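There are 2 protein chains.
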Amino acid sequence: MRSNQITIKDIARILGISASTVSRALKNHPDISIETKNAVNDLAEKLKYQPNAVALSLKNSRSNTIGVIIPEIVHYFFSSVISGIEDVASQNGYTVIICQSNESYEREVENTKALLSHRVDGILVSISKNTTDFTHLTDIQESGIPLVFFDRVANGIEADQVIIDDLEASYRATRHLIESGCKRIAHFAGPLNLLIGQHRLDGYLKALEEARIPVDKSLIIEADSFEKAHNAILELIEFRNLPDGIFAVNDLTAIGAMQTLQKKGIKIPDQVSIVGFSDGRFSGITDPTLTSVDQHGYEMGTTAAEMLMEHIFKSPENRTPEIKILQADLIVRGSSVKK
Amino acid sequence: MRSNQITIKDIARILGISASTVSRALKNHPDISIETKNAVNDLAEKLKYQPNAVALSLKNSRSNTIGVIIPEIVHYFFSSVISGIEDVASQNGYTVIICQSNESYEREVENTKALLSHRVDGILVSISKNTTDFTHLTDIQESGIPLVFFDRVANGIEADQVIIDDLEASYRATRHLIESGCKRIAHFAGPLNLLIGQHRLDGYLKALEEARIPVDKSLIIEADSFEKAHNAILELIEFRNLPDGIFAVNDLTAIGAMQTLQKKGIKIPDQVSIVGFSDGRFSGITDPTLTSVDQHGYEMGTTAAEMLMEHIFKSPENRTPEIKILQADLIVRGSSVKK
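Residue numbers (my numbering), protein chains in the order written: chain A, 408 to 746; chain B, 408 to 746.
Calculated from the structure, these hints are not laboratory results.
As the structure is a computational prediction, the values presented were derived from the model and not from experiment.
Just so you know, not all the hints are guaranteed correct.
Just so you know, same-sequence chains aren't split out, so a pair can sit in one copy or run between any two.
[Claimed, not checked] The calculated lysine-lysine pairs, modelled on DSBU-like cross-linking and capped at a C-alpha distance of 35 Å, are: (1) K635 with K536; (2) K434 with K624; (3) K721 with K731; (4) K671 with K635; (5) K671 with K624; (6) K453 with K590; (7) K590 with K670; (8) K624 with K635; (9) K416 with K731; (10) K674 with K745; (11) K671 with K453; (12) K670 with K635; (13) K453 with K434; (14) K731 with K434; (15) K671 with K590; (16) K745 with K590; (17) K434 with K590; (18) K731 with K520; (19) K613 with K455; (20) K520 with K670; (21) K455 with K671; (22) K613 with K434; (23) K671 with K520; (24) K671 with K745.
Full structure from sequences and hints, please.
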């Protein structure tokens with residue numbers, strides 16, 4: 408395998424041209440002349456130069472470590488994903504190191520640099536809410552390091568990804584409320600500039616449309632926290648516009664709505680049924696317990712880690728990027744089942 | 408600074424003795440003769456050998472990364488600690504990589520190896536429940552890598568540590584119940600083979616003793632989960648042994664007790680006052696809200712990271728290990744304040 412150690416610099420030295428010219432010639436860059444491209448390619452072939460020498464040399468000196476970049480570990484969903492990743496990594500003799508972007512683009516870039524300089528064998532990323540420039544992520548791929556996205560993906564980068572079918576899950580959550588007899592269903596929505604907020608709203612709308620329930624815009628409210636749900640409920644009561652069902656974009660919002668309703672003497676689920684999303688640690692400890700969508704964080708972690716391991720153990724040429732879409736399950740509990 | 412590169416092996420070669428003899432001679436080990444010690448020390452001085460050459464050489468090629476080994480990131484407390492660590496690290500131009508032991512001694516050892524082989528500049532550790540052999544931790548120190556323990560420390564290792572005064576916090580939590588008028592106070596305790604369970608019980612006992620309330624053993628119950636609290640309450644009701652106050656070892660236990668009491672028609676705090684421990688995400692969303700002990704995870708993180716940074720930037724000889732004990736605060740809420 409010594410031939411793998413031929414580098415772009417060797418070719419540049421022999422031909423008396425710059426390394427960046429060699430690099431661009433190998434990539435068939437339009438700025439480079441046909442003559443130069445032919446010379447570079449001929450020599451590369453003779454010397455058995457491997458375009459992904461970096462990746463191969465890294466593979467030959469594996470660190471047996473994979474890196475994970477995650478927005479916020481405080482979320483139960485993300486910590487479940489990490490458990491799944493760690494179990495698969497451990498089965499393969501790998502150690503996982505985790506970096507938290509804390510929803511900051513700058514930290515995500517720093518995290519990426521740190522993982523690359525520590526020569527991890529592969530990287531799993533869920534991008535921060537504020538990441539719109541993806542250069543640091545394409546840098547990972549250009550370094551020859553396998554990359555898999557999970558949950559929050561960078562649109563437009565060709566890489567493996569594992570995601571949840573948010574629209575379908577929200578559709579089923581809303582349909583469940585309709586089937587339980589609700590006629591006026593509110594949606595407490597997330598920020599609609601985020602894909603996640605948009606998909607969950609779309610699922611809600613799809614279920615209403617299918618059941619021929621007209622959309623009442625006064626029942627679609629941007630409220631994605633405990634406090635915002637509290638205020639939204641007070642307002643709905645004040646304007647005598649109370650729904651008989653609420654589908655909330657996350658569990659804490661659902662719980663905020665539930666408690667405010669209960670304090671006002673409104674019975675859950677008899678007068679208002681409630682469904683949350685993401686089935687965190689809270690759903691089992693409320694009274695009544697909360698119907699919610701289980702996003703299968705652990706399964707997302709094992710799936711993403713298995714894709715990464717496959718990518719590490721096979722050479723990158725032999726595989727095309729895959730997208731795996733996991734189905735989320737609705738877990739029906741007390742908050743939506745009328746006695 | 409080339410003189411830093413003189414190693415123990417150089418001295419051993421020149422004197423014709425083994426490296427381990429040189430190492431022990433430099434440490435003034437009793438097994439080594441005075442003559443050998445003198446020869447080694449003389450040569451070391453002439454060659455300007457630095458005992459901590461490893462540490463210095465690592466410092467000269469800093470990775471600007473620190474590693475954290477944490478039992479379980481799913482706990483709100485630990486994720487708060489990480490936020491504190493990351494903020495201090497970021498201010499110092501450092502990136503944090505996190506490894507989760509998942510309460511497994513074996514994974515903790517693997518994590519340690521991974522962080523050492525990635526040449527992090529310092530390591531922060533909170534040990535797993537199952538760690539009783541500390542060799543991997545002394546290995547860190549012997550590699551010349553600064554080490555700081557937080558929350559769960561390895562007894563007997565001389566290193567910086569940041570801990571919470573658990574006994575004092577539990578004493579204050581119990582005293583608060585006494586001052587609110589409770590006469591029969593139960594303690595829902597953690598496993599008593601763990602220091603944390605023992606300290607919290609001791610704090611409870613100290614408060615009772617001070618108030619001359621006799622200890623009723625039937626009111627000290629090993630119950631440290633939502634389900635165990637539920638069962639414990641049912642049993643107390645069945646045996647007509649209900650207390651008028653409960654100090655629980657953690658918040659989920661307190662919430663389990665509260666909900667079971669409420670389902671049986673018992674009013675909180677009018678009939679039973681409840682205090683939890685660790686002030687996680689749940690305490691604000693229960694009804695009534697839960698009185699609990701705030702362990703200041705974020706502050707623990709910043710304190711530990713600052714100690715580590717000081718250790719990284721100063722050479723180890725110039726400092727002696729420090730123990731910082733943080734005071735936890737009781738946050739009084741609805742579950743213990745009679746109207």
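Results for each hint:
Taking the shortest alpha-carbon separations for K635 and K536, only the intra-copy value of 20 Å comes in at or below 35 Å, while the best inter-copy value is 39 Å. When the C-alpha separation of K434 and K624 is checked against a cutoff of 35 Å, the pair qualifies neither within a copy, at 53 Å, nor between copies, at 77 Å. Taking CA atoms no more than 35 Å apart as the test, K721 paired with K731 passes inside one copy only; the shortest distance there is 19 Å, against 49 Å between copies. Both within a single protomer and between protomers do K671 and K635 lie at most 35 Å apart by alpha-carbon distance, with minima of 16 Å and 31 Å respectively.
Proximity of K671 and K624 under a CA criterion of 35 Å is satisfied intra-copy only: 24 Å inside one chain copy versus 41 Å between copies. Taking identical chains as interchangeable, the C-alpha atoms of K453 and K590 are never at most 35 Å apart, the minima being 74 Å within one chain and 90 Å between chains. For the homomeric pair K590 and K670, the shortest alpha-carbon distances inside one copy (23 Å) and between copies (30 Å) are both at most 35 Å. Taking the closest pair of Cα atoms, K624 and K635 come within 35 Å of each other only inside a single copy of the chain (18 Å); across copies the shortest separation is 45 Å, beyond that limit.
Taking identical chains as interchangeable, the C-alpha atoms of K416 and K731 are never at most 35 Å apart, the minima being 38 Å within one chain and 53 Å between chains. In this homomeric assembly, K674 and K745 come within 35 Å of each other (Cα to Cα) both inside a single copy, at 10 Å, and across copies, at 25 Å. Taking the closest pair of Cα atoms, K671 and K453 never come within 35 Å of each other, the shortest separation being 81 Å inside a single copy and 84 Å across copies. With identical chains, the CA atoms of K670 and K635 are at most 35 Å apart both within one copy (16 Å) and between copies (28 Å).
For a Cα distance limit of 35 Å, the shortest separation of K453 from K434 inside one copy, 18 Å, qualifies, whereas the shortest one across copies, 56 Å, does not. Taking CA atoms no more than 35 Å apart as the test, K731 paired with K434 passes inside one copy only; the shortest distance there is 29 Å, against 57 Å between copies. In this homomeric assembly, K671 and K590 come within 35 Å of each other (Cα to Cα) both inside a single copy, at 21 Å, and across copies, at 33 Å. Within a single copy, K745 and K590 get their C-alpha atoms as close as 14 Å, which meets the 35 Å cut-off; across copies the closest is 41 Å, which misses it.
Proximity of K434 to K590 under the C-alpha cut-off of 35 Å is found in neither arrangement, the shortest distances being 59 Å within a copy and 80 Å between copies. Taking the closest pair of Cα atoms, K731 and K520 come within 35 Å of each other both inside a single copy (27 Å) and across two copies (33 Å). Proximity of K613 to K455 under the C-alpha cut-off of 35 Å is found in neither arrangement, the shortest distances being 56 Å within a copy and 77 Å between copies. For the homomeric pair K520 and K670, neither the shortest alpha-carbon distance inside one copy (50 Å) nor that between copies (53 Å) is at most 35 Å.
For the homomeric pair K455 and K671, neither the shortest alpha-carbon distance inside one copy (77 Å) nor that between copies (79 Å) is at most 35 Å. Proximity of K613 and K434 under a CA criterion of 35 Å is satisfied in neither setting, with 45 Å inside one chain copy and 74 Å between copies. With identical chains, the CA atoms of K671 and K520 are never at most 35 Å apart, being 52 Å at best within one copy and 56 Å at best between copies. When the C-alpha separation of K671 and K745 is checked against a cutoff of 35 Å, the pair qualifies both within a copy, at 19 Å, and between copies, at 21 Å.
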